[in-house]
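Number of protein chains: 2
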Amino acid sequence: MTPEQTIIASAIHSWKQQVERADKVFSGLTDHQLQTEVAPGRNRLVYLWGHLSAVHDAMLPLLGLGDRLHPELAAAFLTTPDKAADGLPPAAELQRHWGDVNGRLLAAFGNFTVSDWVGKHTAVSDEDFAANPLRNRLSVLLSRTSHLSYHIGQTALAPK
Amino acid sequence: MTPEQTIIASAIHSWKQQVERADKVFSGLTDHQLQTEVAPGRNRLVYLWGHLSAVHDAMLPLLGLGDRLHPELAAAFLTTPDKAADGLPPAAELQRHWGDVNGRLLAAFGNFTVSDWVGKHTAVSDEDFAANPLRNRLSVLLSRTSHLSYHIGQTALAPK
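Residue numbers (our numbering), protein chains in the order written: chain Z, 9 to 168; chain W, 9 to 168.
Treat the hints with caution; some may be incorrect.
The list makes no distinction among identical chains, and a pair is therefore deemed to hold if it is satisfied within one copy or across any two copies.
Listed next, the in silico DSS-like pairs over lysine-lysine satisfying Cα-Cα at most 25 Å (straight line) [said to hold, decoys possible]:
| # | residue 1 | residue 2 |
| --- | --- | --- |
| 1 | Lys-128 | Lys-24 |
| 2 | Lys-168 | Lys-91 |
| 3 | Lys-91 | Lys-128 |
| 4 | Lys-32 | Lys-168 |
| 5 | Lys-128 | Lys-32 |
Simulated from the structure, these hints should not be mistaken for lab results.
Please put together the full structure from these sequences, using the hints given.
Here it is, written out as structure tokens:
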């Protein structure tokens, strides 16, 4: 591997580790267990799981990988706070969404070249990108890895 | 910037963002406020702050940057769980440690070359590193960035 490839592989590995960690947290929980709040009055596990799926789904257009796979997740888990809407999807459906979205992302990451990674993401203009080359696809990956860890840390506080 | 340099700059930027986020959480809290548990029966803010300082301090030898600046933090915040020992340092001292350690790291990051970043960290043998080149300094940075986000997520749950 060239140094560039090693660096990119390290970043993808770091993302993958956090996704696997979240898998361990959420997969296998029952619908009942998913109702647990991470702390009194705070988000339920079901909400965080759907929220993470929705945020990861939105990475697809942001990275230029096409449309979201499950755009309906946004209304339930991005624009609406937890407990403000009825009828979140059941565990089996959330599991499928989570798997679909992360599978699609990881497959695409394996095909990105170094120049894809340092290329601009779709939410920044050519001008703004010229002024700030850190607004690249890799920065999206790093920021979403941090976002994922942030919420995994919260799930660790949920009463068992 | 070359693609390599852009990639490295993106990773350092991501680390810096999380450090600044933690600054906003902890700096300016009183000793009294730092006693708040992030959730019932869980770690206090004071412990998380010291824990993060201790983990970041330990990055210095791990990255080949010399000895830890505050080795005494390890006993209080790494090997001992919260509330098992009396007399954690006061806020003013924790603030100093946090600033020292992160300042030292950030200065060093600015001097690392791409080949420093893809070089092995000090806790892996030459043989193991040859078998797995992802055990490099950059992976330490990425994993500590995730660790930091993990705990920042927890601080967001603390009652205000």
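Going down the list of hints, with the structure as the test:
1. In this assembly of identical chains, the alpha carbons of Lys-128 and Lys-24 lie at most 25 Å apart whether taken from the same copy (22 Å) or from different copies (21 Å).
2. For the identical chains of this complex, Lys-168 and Lys-91 are neighbours both inside a copy (21 Å) and across copies (21 Å), given an alpha-carbon limit of 25 Å.
3. Within a single copy, Lys-91 and Lys-128 get their C-alpha atoms no closer than 36 Å, and across copies no closer than 47 Å, so neither meets the 25 Å cut-off.
4. When the C-alpha separation of Lys-32 and Lys-168 is checked against a cutoff of 25 Å, the pair qualifies only within one copy, where the shortest distance is 14 Å, while the shortest distance between copies is 30 Å.
5. For the homomeric pair Lys-128 and Lys-32, neither the shortest alpha-carbon distance inside one copy (32 Å) nor that between copies (29 Å) is at most 25 Å.
Checked against the numbered hints listed earlier, the structure breaks hints 3, 5; every other hint is satisfied.
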